[in-house]
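Respectively, the protein sequence lines represent chains A, B and C. Quick note on our numbering: the first sequence kicks off at 422 and runs consecutively. Quick note on our numbering: the second sequence kicks off at 422 and runs consecutively. Quick note on our numbering: the third sequence kicks off at 422 and runs consecutively.
Since the hints were made in silico from the structure, they are not lab data. These numbers were taken from a predicted model, which means no experiment stands behind them. There could be a bad hint or two in this list.
The list treats identical chains as interchangeable, and a pair is accepted whether it falls inside one copy or across any two copies.
[Said to hold, decoys possible] Once the Cα atoms are required to be at most 35 Å apart in a straight line, the calculated DSBU-like pairs of lysine-lysine come out as:
id	residue 1	residue 2
1	614	667
2	679	541
3	614	589
4	423	649
5	645	586
6	553	683
7	667	458
8	580	423
9	553	679
10	458	599
11	679	580
12	541	599
13	614	539
14	446	541
15	586	667
16	599	667
17	458	586
18	541	667
19	667	445
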Amino acid sequence: MKQFLTLDDLPNLHQAISDGILLKKDPYAFEYIGNRKTLGMLFFNPSLRTRLSTQRAAQQLGLKTMIMNFSNESWNLEFEDGIRMGGLSSEHIKEAAGVVSQYCDVLAIRAFASLTDKEKDEQEIVLNSFIKYSNIPVINMESATSHPLQALADAITIKENNLIKRPKIVLSWAPHPKALPHAVGNSFVRMVKQLDFNFIITNPEGYELDPKITGDIPIINSQKEALKGADFVYVKNWSSYSNYGKILRTDEEWMLTKEKMKITNNAKFMHCLPVRRNIVASDDVLDSDDSLVIEQANNRTFAAQVVLKRILENG
Amino acid sequence: MKQFLTLDDLPNLHQAISDGILLKKDPYAFEYIGNRKTLGMLFFNPSLRTRLSTQRAAQQLGLKTMIMNFSNESWNLEFEDGIRMGGLSSEHIKEAAGVVSQYCDVLAIRAFASLTDKEKDEQEIVLNSFIKYSNIPVINMESATSHPLQALADAITIKENNLIKRPKIVLSWAPHPKALPHAVGNSFVRMVKQLDFNFIITNPEGYELDPKITGDIPIINSQKEALKGADFVYVKNWSSYSNYGKILRTDEEWMLTKEKMKITNNAKFMHCLPVRRNIVASDDVLDSDDSLVIEQANNRTFAAQVVLKRILENG
Amino acid sequence: MKQFLTLDDLPNLHQAISDGILLKKDPYAFEYIGNRKTLGMLFFNPSLRTRLSTQRAAQQLGLKTMIMNFSNESWNLEFEDGIRMGGLSSEHIKEAAGVVSQYCDVLAIRAFASLTDKEKDEQEIVLNSFIKYSNIPVINMESATSHPLQALADAITIKENNLIKRPKIVLSWAPHPKALPHAVGNSFVRMVKQLDFNFIITNPEGYELDPKITGDIPIINSQKEALKGADFVYVKNWSSYSNYGKILRTDEEWMLTKEKMKITNNAKFMHCLPVRRNIVASDDVLDSDDSLVIEQANNRTFAAQVVLKRILENG
């Protein structure tokens, strides 16, 4: 594996899930693999889980880490080609990426969507610029349109908690006071599509995810209808995709509640975190024994470790 | 030892002091003890000594560290239970603590007093929330009401510099242009109370520390009277406790000067740092051979190492 | 070697260049040398290359690193002696340096010029205060008046790319929208003066570097004249030295272009980065095969490693 930008870069998702579960049992089994190698972690946005779980994953593989917060530790970067750099940006991505990739063996990058310019966001300018101008493998720690480390952790979590042959998975939109990106939703959809699940998405009208990603997955506007018989309910807010980056509603009707969970087949509750309590989901859902959110976060370490291990083995 | 929130968590202060002095002589004697373990250091406030000395202590125990500055690297946290999270906070402590504790083996946390709400500060909400929602040991790197790593370093420093059987220790309030917390004062008092010293506190009226902590220790308003015959003078500003968080005076009358040191029994001068020169104490005091402030800071490493070692041994 | 403040601290520049080239071939040859030692990296300004290359250099020597961003992680420092600290600064450099040097074995410090007070900048107050009040070796990661790690990396790069006995080196001023320090220019001049090169500086009138540094090196105001027959062209902006810190012109006349490179003897193009494209130099220069800028940045690792190794060997 030479890069990990979306889940599609994983040659075999089933194998990756199994690898993650094995690494969880014996996290230091490959401690030698990162010897004398360095992971550069570049952040253009805040991070808690990703920052710490990826560091931990690196440590468990014997890999050193160097962290760079571009918001306050370095120079403003310019991503446009051919521009006369007379403004705020002191350094062009051509140099920044070329330079940084000489100090590291692998790069991991977080760069969120702007939510103001769909075309630019879909070009994944930050991530793709680093790939173009660096000579080393790049890992996506959440980009404008995808968050594959989260999706792999979610896949591991479902695998660990699933008791039946073909579970029903519901991805439900939820309200949020701020406009959020589509990255987690997109990657979750891509992940479930690769596995043999009964999958349905539910969201209010106008909140449909990118149809190029959802394809022929059923999308319905009745959350209640969708939740019927669900084995796993994955809740997540995202802003409108068609009316790009806009918030169309923030009322509580779509908040996931204990009451709604009763419609399901004793479903497990999932969310990628951070989650706004009593807006996205109620306290009694988040605090119930059926919530997997803490376990999902735990599996972030092993998802990152699977990806780092594959990349190091190729190197 | 399962946690280190106040000095009272140390089963035996005398033993801890001796351990610190031994570790200072042979800092790498237990380099194997932290193998494959990670200390997560979480900062809600600035830090210089604590940040670096605790990292160094961890390194000397073979422990990896991961640092998180909550002010600019992560999400705003919500600490209130049952709240509808529609404001600035993106993540609840329940999730944050639960998640972070999965990536680390020990947590160390710095979270200062607000000085606006005495009741909340005394509840130590940040620290206690992390303890409540994480499953791993928590170390206090200065909380709202105590700074036990500093007090342990101070105890080591007094032990190293004390020549007589029962020295006279004076804790003297000093002026400061900003309202400061009571944490250092509180922990120093708790520490001295456990040792067989002749101890007296002096401060201007209205600046008495929490009487639940000072108990029956003599407190007098005459600094000169207090300094007579002192062997160690510990100077520190704190804001009013009764008139919580308020500054009652900032005049220079209480600044510690060389002149005042002459009243003492050639006392050693102590301060936890950072110190404002010529406000808290004059240059000639800070620059004199009797000042122990640099040595106190040095002992922060070994205080942290004693605590980390005990916690790792229990684990 | 006890400190590395300017290139003059290197006992033998030729040897240092050779050492750097050897370390580049076998970066882990001295992995044992930093065992149980810690490099403290203190930043008062942004940093990308220096931050990462110095960390990497340390790792390749088996040295641990601790990083401190003074702008947002610690207290404001006071550098003036005898002052009554009633303002914004919470800690004096006397304490800060004394304390920090106890937690580290080597310090590396970045502290840029103010460009408002020439005398203060030339006193190198930050760097010299750390030297004065700490007891450990100090490395300059770019100070007010010099950037010797960059110059050493540049020397290595020239050595690697030079084919003739006595190449012609041109240091050319270039325009920039912001006032920049003289550190890189100064150190480049100091470096070239130690080597047997044909060296000329070109800049617009009023932009002469400190004559105490340039000495008898020819300085001409015709960029075209200077570029004739050049083997290496080093381009860099700096603000006026005589009219200290001022920008006298920002027009494009002095931008380095492909057209101008034709005057040279197929010269290699050099710049320390970050570089503003199409202001300092045009895209076609930066993107040409003759550009060494990425290689210069790569050599920063080995320059830092040479310096760290010498300092550790002395220790």
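Evaluated hints:
Taking identical chains as interchangeable, the C-alpha atoms of residue 614 and residue 667 lie at most 35 Å apart only when both belong to the same chain, with a minimum of 27 Å there against 60 Å between chains. When the C-alpha separation of residue 679 and residue 541 is checked against a cutoff of 35 Å, the pair qualifies only between copies, where the shortest distance is 31 Å, while the shortest distance within a copy is 39 Å. Taking identical chains as interchangeable, the C-alpha atoms of residue 614 and residue 589 lie at most 35 Å apart only when both belong to the same chain, with a minimum of 12 Å there against 63 Å between chains. In this assembly of identical chains, the alpha carbons of residue 423 and residue 649 never lie at most 35 Å apart, being 41 Å within a copy and 45 Å across copies at closest.
In this homomeric assembly, residue 645 and residue 586 come within 35 Å of each other (Cα to Cα) only inside a single copy, at 24 Å, whereas the closest approach across copies is 76 Å. Taking identical chains as interchangeable, the C-alpha atoms of residue 553 and residue 683 lie at most 35 Å apart only when they sit on different chains, with a minimum of 29 Å there against 49 Å within one chain. Taking the closest pair of Cα atoms, residue 667 and residue 458 never come within 35 Å of each other, the shortest separation being 42 Å inside a single copy and 44 Å across copies. In this assembly of identical chains, residue 580 and residue 423 lie within 35 Å of each other by CA distance both inside one copy and across copies; the values are 26 Å within and 34 Å between.
When the C-alpha separation of residue 553 and residue 679 is checked against a cutoff of 35 Å, the pair qualifies only between copies, where the shortest distance is 24 Å, while the shortest distance within a copy is 47 Å. Taking the shortest alpha-carbon separations for residue 458 and residue 599, neither the intra-copy value of 39 Å nor the inter-copy value of 37 Å comes in at or below 35 Å. Taking identical chains as interchangeable, the C-alpha atoms of residue 679 and residue 580 lie at most 35 Å apart only when both belong to the same chain, with a minimum of 24 Å there against 58 Å between chains. Proximity of residue 541 and residue 599 under a CA criterion of 35 Å is satisfied in both settings, with 20 Å inside one chain copy and 29 Å between copies.
In the homo-oligomer, the alpha carbons of residue 614 and residue 539 lie at most 35 Å apart inside one protomer (24 Å), although the nearest pairing across protomers, at 53 Å, exceeds that limit. In this assembly of identical chains, residue 446 and residue 541 lie within 35 Å of each other by CA distance neither inside one copy nor across copies; the values are 41 Å within and 41 Å between. Proximity of residue 586 to residue 667 under the C-alpha cut-off of 35 Å is found in neither arrangement, the shortest distances being 38 Å within a copy and 65 Å between copies. Taking the shortest alpha-carbon separations for residue 599 and residue 667, only the intra-copy value of 9 Å comes in at or below 35 Å, while the best inter-copy value is 37 Å.
Taking CA atoms no more than 35 Å apart as the test, residue 458 paired with residue 586 passes in neither setting, with 41 Å inside one copy and 38 Å between copies. In the homo-oligomer, the alpha carbons of residue 541 and residue 667 lie at most 35 Å apart inside one protomer (16 Å), although the nearest pairing across protomers, at 38 Å, exceeds that limit. Taking the closest pair of Cα atoms, residue 667 and residue 445 never come within 35 Å of each other, the shortest separation being 39 Å inside a single copy and 51 Å across copies.
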